[in-house]
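Construct the complete structure from the given sequences, taking the supplied hints into account.
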Amino acid sequence: MEDSRSKVMDLDEAVRTFVRDGSHMSIGGFSISRNPMAAVYTIIRQGIKNLHFYVHSNGTGIDELIGGGCISRLEIAYGGNGKAATTCIRFRKAVQEGEIQVEDYSNYQMTLRFAAGAMGVPFLPTRSSLGTDIINRWGFSEEMRQKDPKIAGKKLVVVDNPFGSWADAPRVVLVPAINPDVTILHVQKADYQGTCRILGLTYADIEQAKASRHVIVTCEELVEPGELRENPGLNQIPFIHVSAVCHVPYGAYPTAVYRCYDYDPDYLIAYAKAARDERLFRTYQDQFIYGVSNHGEFLERVGRKRLGEIKADPTRGYATNLQWYDRGEAP
Amino acid sequence: MEDSRSKVMDLDEAVRTFVRDGSHMSIGGFSISRNPMAAVYTIIRQGIKNLHFYVHSNGTGIDELIGGGCISRLEIAYGGNGKAATTCIRFRKAVQEGEIQVEDYSNYQMTLRFAAGAMGVPFLPTRSSLGTDIINRWGFSEEMRQKDPKIAGKKLVVVDNPFGSWADAPRVVLVPAINPDVTILHVQKADYQGTCRILGLTYADIEQAKASRHVIVTCEELVEPGELRENPGLNQIPFIHVSAVCHVPYGAYPTAVYRCYDYDPDYLIAYAKAARDERLFRTYQDQFIYGVSNHGEFLERVGRKRLGEIKADPTRGYATNLQWYDRGEAP
Amino acid sequence: MNGTSPEIMTIMAAREIHNGDIVFCGTGISMLAAMAAKNISAPDSVIFFESGAVDALLEDLPWAVSDSRVMWGANSTGGLMDAFATMQNRITGNRVIAILGAAQIDIYGNLNTTAIGDYSKPNTRFAGSGGGCDVASFVPRCIVFMHHERRKFVRKLDYLTSPGNLDGPGARRRAGLPPGGITCVVTNMAVMRFDEDTKEMYLDRFYPGITPQQVLEHMEFAVDISRARPADPPTEEELRILRGKCDPRRMQL
Amino acid sequence: MNGTSPEIMTIMAAREIHNGDIVFCGTGISMLAAMAAKNISAPDSVIFFESGAVDALLEDLPWAVSDSRVMWGANSTGGLMDAFATMQNRITGNRVIAILGAAQIDIYGNLNTTAIGDYSKPNTRFAGSGGGCDVASFVPRCIVFMHHERRKFVRKLDYLTSPGNLDGPGARRRAGLPPGGITCVVTNMAVMRFDEDTKEMYLDRFYPGITPQQVLEHMEFAVDISRARPADPPTEEELRILRGKCDPRRMQL
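For the protein sequence lines, the chains are W, G, F and P, in the order given. The opening residue of the first sequence carries number 9 in the working numbering; numbering runs sequentially from there. The opening residue of the second sequence carries number 9 in the working numbering; numbering runs sequentially from there. The opening residue of the third sequence carries number -13 in the working numbering; numbering runs sequentially from there. The opening residue of the fourth sequence carries number -13 in the working numbering; numbering runs sequentially from there.
Hints listed in this document are in silico derivations from the structure and should not be mistaken for laboratory results. Quick reminder that beta carbons are idealized off the backbone N, C-alpha and C, glycines included. Treat the hints with care, as some may be off.
Claimed, not checked - Listed below are the simulated BS3-like cross-link pairs for lysine-lysine, each with C-alpha atoms no more than 25 Å apart in a straight line:
no.	chain 1	residue 1	chain 2	residue 2
1	W	281	P	107
2	F	138	G	101
3	G	101	G	313
4	P	138	W	101
5	G	162	F	107
6	G	281	G	313
7	W	57	W	155
Claimed, not checked - Beta-carbon label-pair distances, calculated as ranges:
no.	chain 1	residue 1	chain 2	residue 2	range
8	W	314	G	168	53 to 59 Å
9	F	237	P	5	20 to 26 Å
10	G	168	W	150	17 to 23 Å
11	P	165	G	24	41 to 47 Å
12	W	314	P	184	33 to 39 Å
13	G	294	W	167	52 to 58 Å
14	F	-10	W	234	34 to 40 Å
15	P	5	G	24	25 to 31 Å
16	F	-10	G	288	32 to 38 Å
Here you go:
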């Protein structure tokens, strides 16, 4: 009695179907782990523009999208890329040069905003950021907010606790729900219905998926529903939330996928170097993004040898002998 | 580098240490599944009184505690016991006879209240119950609430959405956080530090545990920390939340534990019959609760044969040939 | 007439379920209706329990929504937080149809599952809301199973547990609820629905052997019977699947 | 003097960690301090990452808090919702000590990790709050690692990302925050703390070879140096464990 409809699609088709100029979006993963990079490169290659992005700490993917000129508005908690870049390079440049509009939140606040969207409530409360500039300074003006029905009228609201001093919290911050048009996740296993199994840390992927009108899943392994149903407690995202499933092995490369492969420090450090210089960055993009037509060709360009070197140790889930020789920028 | 302190205790000692007359409490499980019954019987046997209980749909355990005279105040969403009792018998009697004070919420609201406690916020919002008597009628008066610092000053609060019509929700209900003094859970596996692994549905156990000042865990299997650390993604409750661990095989009997054993329909139906009649109920309690000194003796009284009959099929996780010959009460 | 009374009720409810619906149900007859729909006309409907199980296989009939039988072969098993969020969430919640029961219902489809008599010292206490109030608050369509009796179809509820149309047109909106709530009542005599404008209950279909007048005699309040027509009885095919596939051991029916 | 500057800073921070503490840390030197404490004097402290990993084994040094290296052998791995709830939760949160970094700090211990210059068009943009603002809002004790430079110890922050004592005595309470926030600053020259009454930073310990006056010369604002005493340098034992057990491959130090 399983859902008979298959949601399997080619990634290029999935992005073309669900991602539009101006879409409100988020991607899964955290800094240098489990970013849906194949989808990120596809978005850049398709020349999609003016995306409004919601980000907790998704590093590599966001920086590439900014570098690709795809993002015009960004609500974000953290733009860093592990040891390759304490602050993501293209993100830093774009903000300093006023190329993107930014609204700052904390990591928990962004997570709660996705959770509110997933739960179907307009806001969730937290004590985080009381007394700080996260409350006092708004990146998006109230006029801009009032004009655009797709963003909340206020960045956040501070209210007195209507239960008095209950839970020792005289005051809380309410952060508004996010319901992206589309979220893209990369997971270890999915089936054709769209059910997802994530191994290791889930970050905010589950909340992001459930908050979104459409979810595109790229997966390392495309399995039969029966396999996932043997252990239903391990499937964090039921198929009812998912619109498209794309089988893309190494779909998070150059970021890491627990138990599958590690991040590629060489790639990320080379990227960070290129990102600092406009000419080098164009060369990088021409070679690795525009110079290939899909993720398979991209991986060929990276080279099978390199992919072999970052293969995860089956017990530990990461490459135990991963070396890096260049620490990128100074901290 | 593991926490070297063992939290393993005898159940009798754990209850004596953490549960007091008047304690605010909750128990894990849902209706006829994974109630910490060994702990419930221990509480009754120790004669603990005036407990203030927080309940979503924990059926069997709550009804026994009410029958044992342990509970004086109850905040509850649902008091049913599967096919054995559409409404729990001793719960119904106690409410009708005014023996306990009751405050009604919905199942989601009780779950959110535990989640608020776990998250450290004074309330969480929902759209549930707008326009209903769950909002209009209070079981605990405002005077009583104002006098007792351990309960919130208000049952709940309805507020206008401070983000206007954001998320199409003009108004929401805020339900106050619960932070019980102690919560007791029964799980399939735990280690001596207190880390828990629950198989199958988690109900609201995780939120209840994290909301509580103390957590007593009873477990089917007491394992080494190293075993649980092989798959950290399957451990829902880290040891930092847990005060005591008690190894009690069949500790949820007569309720079910997924992949271990089923509920015992014969026991539950016999219980429901006895519960309807004061004399029969005393006889039941004398035989199964007061007439034994611990859960081991209780299980001996039930009989190893019966326990064998409800053993879970290793694939399906329940007793595939479970029969019941008496459906208990009419619906 | 074909089929016993529980069988007819089950089929009437099953016909309300569309392909692709997410069906929130309890155990017993409501689960059978969901299984019948899935086997007869809505193969891609998804059976969903408040305890947190999504798309359970249900090869054995559970005693409760927490039963291990809802976990075996399910698509996913979470907890109550996940389950209710799926219904309050407007994206998935709008696909949910719920099947509920109640002790009392009023003309606007509001339900009482809490207490009869004075709430503070009731004559009869019931189990309480459970997830009933939640789902009736969140989702666009709910079916209620009721026995047609005057004491159950009442002018005024002793306690309003789960919201139907509250006190009439616009009331859900004014209270802050999304549209929806109780939209269909399936009884042992008839199928009742709610008028789009007045939000009041009306008689839609009556079963073979029953007259609209008889239906009215079993209710404390009067409803419009002008649109009432005979219900199409369960077909042989529907009954064959219900009996053979959904409850072969006759544990419910 | 024994130990390099990063080694001294690591040991100074490690000494702040008590047995049983839950240590919120990032990667790099903050993680080394947590590991040093666990190996030297606080064996039952629990290393905790905002990404959701509890009590990681850390047999290899991670590049980021999301790194698979924090998952291997951990006690549990959840997500961000779990991790931040553990800190906002008053029961577990009160056991948390955090180790942070910042671009700027003021006399009340407030931190800037967002931007230098005008926020709307900054001269230098940093990564942003991440979990820094969250943890500084929730927990009673936070250590900040800083290089002692005038441009970092500033009279006025360009952006207040993470709350210390805000604008002085009572300010956290007035804002609605629990007591706590930034309580200790460990630099390459000294250890600074905050006065209980004035909530202002003061010089507590200066390292061998450094004078209180030199510390003041590296700050834009003046602080009380009347309580300043020389720091106890790292012991041989502390350094042996730090070098041998926490970073044997010298990837950080």
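Evaluation of the provided hints:
Simply put, residue 281 of chain W and residue 107 of chain P have alpha-carbon atoms about 24 Å apart, close enough for the 25 Å limit, and the pair holds. With a C-alpha separation of about 22 Å, the suggested pair residue 138 of chain F and residue 101 of chain G falls inside the 25 Å cut-off, and the hint holds. Taking the CA atoms of residue 101 of chain G and residue 313 of chain G, the gap is near 33 Å; set against the 25 Å cutoff, the hint is violated. With a CA separation close to 22 Å, the supplied pair residue 138 of chain P and residue 101 of chain W stays within the 25 Å bound.
Our distance criterion of 25 Å between C-alpha atoms is met by residue 162 of chain G and residue 107 of chain F, whose separation comes to about 21 Å. Restraint check for residue 281 of chain G and residue 313 of chain G: satisfied, since their Cα atoms lie roughly 22 Å apart, inside the 25 Å limit. A threshold of 25 Å between alpha carbons decides the hint, and for residue 57 of chain W with residue 155 of chain W the separation of about 20 Å falls inside it, so the pair holds. Between residue 314 of chain W and residue 168 of chain G, the C-beta spacing of about 57 Å keeps the proposed range 53 to 59 Å intact.
Roughly 57 Å separates the CB atoms of residue 237 of chain F and residue 5 of chain P, a value that falls outside the hinted 20 to 26 Å. Remark: the range hint 17 to 23 Å for residue 168 of chain G to residue 150 of chain W is upheld by a beta-carbon distance near 19 Å. At about 34 Å, the CB distance of residue 165 of chain P to residue 24 of chain G disagrees with the hint of 41 to 47 Å. Evaluation of the 33 to 39 Å hint for residue 314 of chain W and residue 184 of chain P yields a failure: the beta carbon distance comes to about 56 Å.
As the Cβ distance of residue 294 of chain G to residue 167 of chain W is approximately 54 Å, the hint placing it in 52 to 58 Å holds. Take residue -10 of chain F and residue 234 of chain W: their Cβ atoms lie about 35 Å apart, and the range 34 to 40 Å holds. For residue 5 of chain P paired with residue 24 of chain G, a C-beta distance near 27 Å keeps the hint of 25 to 31 Å intact. For the hinted restraint 32 to 38 Å between residue -10 of chain F and residue 288 of chain G, the CB-CB distance of approximately 34 Å keeps it satisfied.
In terms of the numbered hints stated before, the structure departs from hints 3, 9, 11 and 12, listed from lowest to highest.
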